[in-house]
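Colleague: If you want the building blocks of each chain, they are given just below.
2 protein chains.
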Amino acid sequence: MNYPPKHHQDNDINHMIDVIKTYPLATIISVKDNQPLITHLPLVYKDGTLIGHIDIYNPHAKLLKDNNDVTIIFAGPECYISPSIYSTTQLPTWNYIKVHLKGKVQAIESKAALKQSLITMTEFLEAPEYKYVLEPDNPRLDRNLDYIEMFKIEITNWEGKFKLSQDKKPSDTRAAREELVRVNQESIKQFLDRVFYPSKD
Amino acid sequence: MNYPPKHHQDNDINHMIDVIKTYPLATIISVKDNQPLITHLPLVYKDGTLIGHIDIYNPHAKLLKDNNDVTIIFAGPECYISPSIYSTTQLPTWNYIKVHLKGKVQAIESKAALKQSLITMTEFLEAPEYKYVLEPDNPRLDRNLDYIEMFKIEITNWEGKFKLSQDKKPSDTRAAREELVRVNQESIKQFLDRVFYPSKD
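From first to last, the protein sequence lines stand for chains A and B.
Numbering of the first sequence is given in the numbering used here, commencing with residue 1 and proceeding in unit increments.
Numbering of the second sequence is given in the numbering used here, commencing with residue 1 and proceeding in unit increments.
If you're looking for bench data, these hints aren't it; they were derived computationally from the structure.
The structure presented is a predicted model; accordingly, all values stated were derived computationally and were not measured.
Take these hints with a grain of salt, some might be off.
Which copy? The list can't say, so a pair holds if one copy fits it or any two copies do.
Below, in silico cross-link-like pairs of lysine-lysine (DSSO-like), each with a Cα-Cα straight-line distance of 27 Å or less [stated by the list, open to error]:
| # | residue 1 | residue 2 |
| --- | --- | --- |
| 1 | LYS21 | LYS102 |
| 2 | LYS32 | LYS62 |
| 3 | LYS46 | LYS65 |
| 4 | LYS168 | LYS189 |
| 5 | LYS21 | LYS189 |
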């Protein structure tokens with residue numbers, strides 16, 4: 001089977017962990033009755049596991065337990081690659097970095113563990129400046145504990161999809177890399193102005 | 001059912017179409033035997049349908065036909081929202097724009113239609129500068145036609161997840177908006193330096 005092309009796969013687990021830590025908002029997919037349930041949540045990586053929390057009213061919450069199967073996507077940067085950036089003749093394509101994981105998920109019932117994991121996750125997300133610290137005695141935190149559930153995913157399968165023009169001559173691979181950096185620095189302001197206009201005070 | 005919160009949902013179809021056109025690299029999910037198959041491909045929107053192409057060697061290709069169910073995610077910008085950006089007391093959160101669609105997918109067998117749709121897609125992706133034009137007589141294009149299949153998705157359900165701090169006081173909603181713009185302009189260069197180092201010439 002000629003798919004996916006080997007040069008677009010990266011099996012270096014350290015690279016995949018870097019994606020997970022740099023782009024922690026995961027897409028979590030469970031399946032029930034042949035239908036996917038999809039939720040977007042930040043996950044914290046630790047020793048082959050992923051920790052997260054879900055709104056108890058989210059129908060997906062009922063599936064994040066009991067050693068159920070779960071699929072997780074972490075999405076790094078992406079961009080359209082115009083053939084105009086290459087020195088050789090190529091067809092248009094999209095480059096991207098995605099990590100696909102499979103795992104088994106358990107619910108963690110302890111409210112003490114839930115509270116600590118929220119504090120740990122906040123510390124992770126606030127790095128490196130730590131402009132905010134989630135304190136254990138924060139009253140909003142305690143009120144929230146009844147409305148979220150904690151889960152832990154044991155990762156059973158790792159797949160690194162690093163589609164980055166690796167099969168081109170080195171100067172073209174570097175051109176594609178520069179394009180990825182450039183596109184990912186474009187401002188989203190014009191897009192936001194079209195789809196989201198919060199009211200003035 | 002108190003989920004998802006109504007203020008985080010946007011039912012304006014024009015906003016969702018803007019996300020689809022601005023962030024066309026979609027995550028396509030099919031389910032077979034209770035397992036998800038996931039492929040990341042650009043899709044072109046037209047009159048309630050989405051057109052795409054898939055590598056014939058991709059096992060997912062076999063499911064993109066026969067009026068099968070399909071779920072599609074389009075992912076707009078996202079960012080961690082530190083409570084430090086607000087003037088009021090809040091808990092940490094992630095903001096994001098995602099569009100979730102459900103549809104029915106058919107294979108389009110005609111090679112002429114496939115060729116034209118690749119030219120149309122390239123024109124769409126090259127806008128507005130059109131530095132590259134995919135010509136009908138491009139020899140690489142003709143050689144490729146045997147290795148990809150075209151599909152067309154009829155959208156049956158639209159869901160706009162615009163989680164953007166809409167329930168906060170307006171000055172805090174605007175602060176979250178500015179944070180989304182700021183974070184999405186940070187350079188990805190350091191991250192790429194850690195996970196992808198193409199060889200020198």
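Colleague: If a hint holds in the structure, say so; if it doesn't, say that too.
Modeller: Evaluated hints:
Taking the shortest Cα distances, LYS21 and LYS102 sit within 27 Å of each other inside one copy (17 Å), while across copies they are farther apart (30 Å). Proximity of LYS32 and LYS62 under a CA criterion of 27 Å is satisfied in both settings, with 11 Å inside one chain copy and 21 Å between copies. Taking the closest pair of Cα atoms, LYS46 and LYS65 come within 27 Å of each other only inside a single copy of the chain (18 Å); across copies the shortest separation is 40 Å, beyond that limit. Taking the shortest Cα distances, LYS168 and LYS189 sit within 27 Å of each other only across copies (20 Å), while inside one copy they are farther apart (33 Å).
Both within a single protomer and between protomers do LYS21 and LYS189 lie at most 27 Å apart by alpha-carbon distance, with minima of 26 Å and 15 Å respectively.
Taken one by one, the earlier hints all hold for this structure without exception.
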